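Using the sequences provided together with the hints, build the complete structure.
Protein chains: 2
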Amino acid sequence: MKPGNNELIDRCRPVRTILSRVGDKWSVLIVIALREGPMRFNEIKRAAEPISQRMLTLTLKGLERDGLVSRTVTPSKPPRVDYELTALGHSLREPVEALGRWAFDHHAEIDDAQTRFDEAELASE
Amino acid sequence: MKPGNNELIDRCRPVRTILSRVGDKWSVLIVIALREGPMRFNEIKRAAEPISQRMLTLTLKGLERDGLVSRTVTPSKPPRVDYELTALGHSLREPVEALGRWAFDHHAEIDDAQTRFDEAELASE
DNA sequence: CTGCATCCAGCGCGATACTG
DNA sequence: CAGTATCGCGCTGGATGCAG
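In order, the protein sequences belong to chains E and V.
Take the first sequence: its letters are residues 1 to 125, numbered as in the numbering used here.
Take the second sequence: its letters are residues 1 to 125, numbered as in the numbering used here.
Treat each hint with caution, since some may be false.
Simulated restraints on C-beta separations [claimed, not checked]:
| # | chain 1 | residue 1 | chain 2 | residue 2 | range |
| --- | --- | --- | --- | --- | --- |
| 1 | E | Arg80 | V | Arg46 | 51 to 59 Å |
| 2 | V | Asp82 | E | Arg40 | 48 to 56 Å |
| 3 | V | Arg46 | E | Ser124 | 26 to 34 Å |
| 4 | E | Thr115 | V | His107 | 47 to 55 Å |
| 5 | E | Ser91 | V | Thr74 | 44 to 52 Å |
| 6 | E | Ser91 | V | Lys61 | 32 to 40 Å |
| 7 | V | Thr17 | E | Asn42 | 22 to 30 Å |
| 8 | E | Ala87 | V | Asp82 | 39 to 47 Å |
| 9 | V | Arg80 | E | Ala87 | 49 to 57 Å |
Derived pair list, reagent style DSS-like, types lysine-lysine, alpha-carbon separation capped at 25 Å [as the list claims (entries may be wrong)]:
| # | chain 1 | residue 1 | chain 2 | residue 2 |
| --- | --- | --- | --- | --- |
| 10 | V | Lys25 | E | Lys25 |
| 11 | V | Lys77 | E | Lys25 |
| 12 | E | Lys61 | V | Lys25 |
Stretches of chain V that chain E covers, calculated by requiring three or more beta carbons in the stretch to come under 8 Å of a beta carbon on chain E [as the list claims (entries may be wrong)]:
| # | stretch |
| --- | --- |
| 13 | 23-31 |
| 14 | 69-83 |
| 15 | 88-94 |
These are calculated hints, taken from the structure and not from any lab test.
The structure presented is a predicted model; accordingly, all values stated were derived computationally and were not measured.
Virtual Cβ for every residue (Gly too), placed ideally from N, Cα, C.
Structure (structure tokens):
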């Protein structure tokens, strides 16, 4: 086996971890929602509808743990919590938006491919 | 509610679909493995270790359905099946590799952030 | 308003065994 | 070699209720 083969996996390990963040159901949506400035919990919830409260909490905590989002509590009454992209979070937007553009540009092709595939499958059954 | 809010979701819907492909556990690994040319089923399996046979089959079928990978059967004995990136599949490599570079460049920062977060969490318990 | 705890259904995915 | 079929566990994620 050529050495290159195993390096593929090794070099991809950290990448895979991050891709699962990016690929999870809500992370990207939240990162994009926060692109123009800080937002409060329920603002994000409305912007990212139909996210459930539970998943918003969990996703925000994950993003905060990864250092992509900062959380600021203002202990007023009622309490106020603002979320904002960190510098790291903003730097992630560039490659993510590139992927978004790709998706936008090609989703018609993908739809077509899927339709053709499904029809071919039906025909052979 | 401002109209802008819903556009966010609507414009992201096709994007989200594609992000789930990209974010799933094996798709990207396979796309990268195929970057230099066609490979046979078991070649990919070895390159993408420790993928299970089941997941390789399913992932390849998904990629084929999306038009990212083509499947060519040579009915010899034993049978031979080659998988290869389509033009669409190759075009996906660019944004994916950009994301990969971002992940590679920043995974140390993310590790640090996670460590700090986890320590802060421990301290407060 | 913000967020955690609990319960619960669905299915992603791995292990294993079998076919052409 | 290249799949398909089946089973089962664990995690994801939704609904609801409670707390600060």
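| What hints, given by number in increasing order, does this structure fail? | Of the numbered hints given earlier, those the structure breaks are 4, 11 and 14, listed in rising order.
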